[in-house]
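With the hints as extra help, turn the sequences into a complete structure.
Below are the chains, spelled out letter by letter.
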Amino acid sequence: MPQVTLTVNGKTHTVEVEARTLLVELLREKLRLTGTHVGCDTSQCGACVVQMNGDSVKSCTTLALQAEGATVTTIEGLAKADGTLHPMQEAFREYHALQCGFCTPGMVMSAIDLVEKHPQGLNEAEIREGLEGNLCRCTGYHNIVKAIGAAQEVMHGRSATLAPAHAAE
Amino acid sequence: MYDFAYHKPTTVADAVKILAADSDARPISGGQTLLPALKHRLNKPTSVVDLSGIAELRGIKRDGNKIVIGAMTRHADVANSAEVKAAIPMLAMLASGIGDPAVRNRGTIGGSVSNNDPAADYPSAVVALNATVVTSSRRIAADDFFQGMFTTAMEPGELLVAVEFPIPEKAGYAKMRNPASRYVMAGAFVAKTGGQVRVAINGAAACVFRQKDMEAALSANWSPAAVAGVKQAADDMNSDIHGSAEYRAHLVTVMAKRAVAAAG
Numbered sequence: 001m002p003q004v005t006l007t008v009n010g011k012t013h014t015v016e017v018e019a020r021t022l023l024v025e026l027l028r029e030k031l032r033l034t035g036t037h038v039g040c041d042t043s044q045c046g047a048c049v050v051q052m053n054g055d056s057v058k059s060c061t062t063l064a065l066q067a068e069g070a071t072v073t074t075i076e077g078l079a080k081a082d083g084t085l086h087p088m089q090e091a092f093r094e095y096h097a098l099q100c101g102f103c104t105p106g107m108v109m110s111a112i113d114l115v116e117k118h119p120q121g122l123n124e125a126e127i128r129e130g131l132e133g134n135l136c137r138c139t140g141y142h143n144i145v146k147a148i149g150a151a152q153e154v155m156h157g158r159s160a161t162l163a164p165a166h167a168a169e
Numbered sequence: 001m002y003d004f005a006y007h008k009p010t011t012v013a014d015a016v017k018i019l020a021a022d023s024d025a026r027p028i029s030g031g032q033t034l035l036p037a038l039k040h041r042l043n044k045p046t047s048v049v050d051l052s053g054i055a056e057l058r059g060i061k062r063d064g065n066k067i068v069i070g071a072m073t074r075h076a077d078v079a080n081s082a083e084v085k086a087a088i089p090m091l092a093m094l095a096s097g098i099g100d101p102a103v104r105n106r107g108t109i110g111g112s113v114s115n116n117d118p119a120a121d122y123p124s125a126v127v128a129l130n131a132t133v134v135t136s137s138r139r140i141a142a143d144d145f146f147q148g149m150f151t152t153a154m155e156p157g158e159l160l161v162a163v164e165f166p167i168p169e170k171a172g173y174a175k176m177r178n179p180a181s182r183y184v185m186a187g188a189f190v191a192k193t194g195g196q197v198r199v200a201i202n203g204a205a206a207c208v209f210r211q212k213d214m215e216a217a218l219s220a221n222w223s224p225a226a227v228a229g230v231k232q233a234a235d236d237m238n239s240d241i242h243g244s245a246e247y248r249a250h251l252v253t254v255m256a257k258r259a260v261a262a263a264g
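Protein sequences, first through last, are from chains A and B. Once you know that position 88 of the first sequence is 88 in our numbering, the rest is easy, because the numbers rise by one and skip nothing. Once you know that position 154 of the second sequence is 154 in our numbering, the rest is easy, because the numbers rise by one and skip nothing.
Some clues are possibly wrong.
[Said to hold, decoys possible] Restricting the straight-line Cα-Cα distance to at most 30 Å, the calculated cross-link-like pairs of lysine-lysine (DSBU-like) are:
| hint | chain 1 | residue 1 | chain 2 | residue 2 |
| --- | --- | --- | --- | --- |
| 1 | B | Lys66 | A | Lys117 |
| 2 | B | Lys39 | A | Lys30 |
| 3 | A | Lys117 | B | Lys85 |
[Said to hold, decoys possible] Derived CB-CB ranges, DEER-like:
| hint | chain 1 | residue 1 | chain 2 | residue 2 | range |
| --- | --- | --- | --- | --- | --- |
| 4 | A | Glu18 | B | Asp236 | 40 to 50 Å |
| 5 | A | Glu16 | B | Arg139 | 36 to 46 Å |
| 6 | B | Ala220 | A | Thr7 | 55 to 65 Å |
Hint data in this document are derived by calculation from the structure and do not stem from the laboratory. The structure displayed is predicted, hence computed values, not measured ones. Every residue gets a Cβ at the ideal spot worked out from N, C-alpha and C, and that includes glycine.
Here you go:
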């Protein structure tokens, strides 16, 4: 059986997989990192988004073997060891940017990639466009967009702390 | 998905050797189309040949009055390329509108062009800009390359290596997307290169095609008003739950107008 070696959340793994094994199956079933979700399984919904070599990718539409040698970050890899949330996670909590939570891991991973690639900052329309590949059936996106807008200020060092949600009203 | 053997060659020659020896082998680039097709068991390759290890297939360069894009260059790389933005900004804009950000981080120009999905974006740019498709064995003009729905001039075992885009004086692209799938319902790429006008329509019919009445109108008068009066016949337009043939025919004129306006 083929083997794949990859680094996930800072830890290197060598895992036996079938050629047809998807990256999301490797993450969930072999490494038991079940924070990455499978929604549509057709690369439309974005619940499976992880970062691979610094880019957001749909792990349900990537073969595990295509991740050979890659550095992968999943939702489990964002918070610090002491439990301090990543600013994007903290913003989703503060702005109530989720209801059922199913899409949230993919939303957070896509949002981080979006913000990191736009150091000049994103306006509301740009944030909404950047989320085209992530579907949420609960929130109507409104608070997700607000959360990302607030998180980018912290991520780019323009603000030391997250703006409280009530001040944004 | 059925299981398959997996190969990761490091040269075009080795990839072609594997593909030539087995007609049921399939190349995979970004996999954004092939993997969903395999999940639906629409085809059953004996082996999948991963092209990501072939360095010579990747990259963008300017070569005189052409932009040459390697087959394994991702949509995100074309969208962000300073070279493409400077020479053919509309091509960078087209790449930035394919699928969604995560899809653009995997999907490649070679995959899109060789798959020739009627609703893909790149084929209209290849035709309107009169690009040349370079394969492992020959050079194919855009007008000869796209032959029908999911069909191109490439033979089994032939691999797309690069696409060469002549730099135009003017180029514009506009599309109407299906809001759910984000695939093109109708799109128009208009270009003027060396004084020659070409108009390519994607998404509306079974295969990208040149709209010669619009080419004539724009040759006489390059303006949105010139194509506004050119009607697309509905006969060969796609008709499905997303839109009727008549609706798509109407969109062709609207998109062409917008494309000319975008080209300036």
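Here is how each hint holds up against the structure:
1. Note on Lys66 of chain B and Lys117 of chain A: the hinted pairing holds, with a Cα-Cα distance of about 28 Å set against a maximum of 30 Å.
2. A threshold of 30 Å between alpha carbons decides the hint, and for Lys39 of chain B with Lys30 of chain A the separation of about 20 Å falls inside it, so the pair holds.
3. For the hint pairing Lys117 of chain A with Lys85 of chain B, the CA-to-CA distance comes to about 17 Å; that is within 30 Å, so the pair holds.
4. Distance hint for Glu18 of chain A and Asp236 of chain B: a CB-CB separation of about 43 Å, consistent with the stated range 40 to 50 Å.
5. Between Glu16 of chain A and Arg139 of chain B the C-beta distance comes to about 43 Å, which sits within the given range of 36 to 46 Å.
6. In this structure the supplied range 55 to 65 Å holds for Ala220 of chain B paired with Thr7 of chain A, their Cβ-Cβ distance being about 60 Å.
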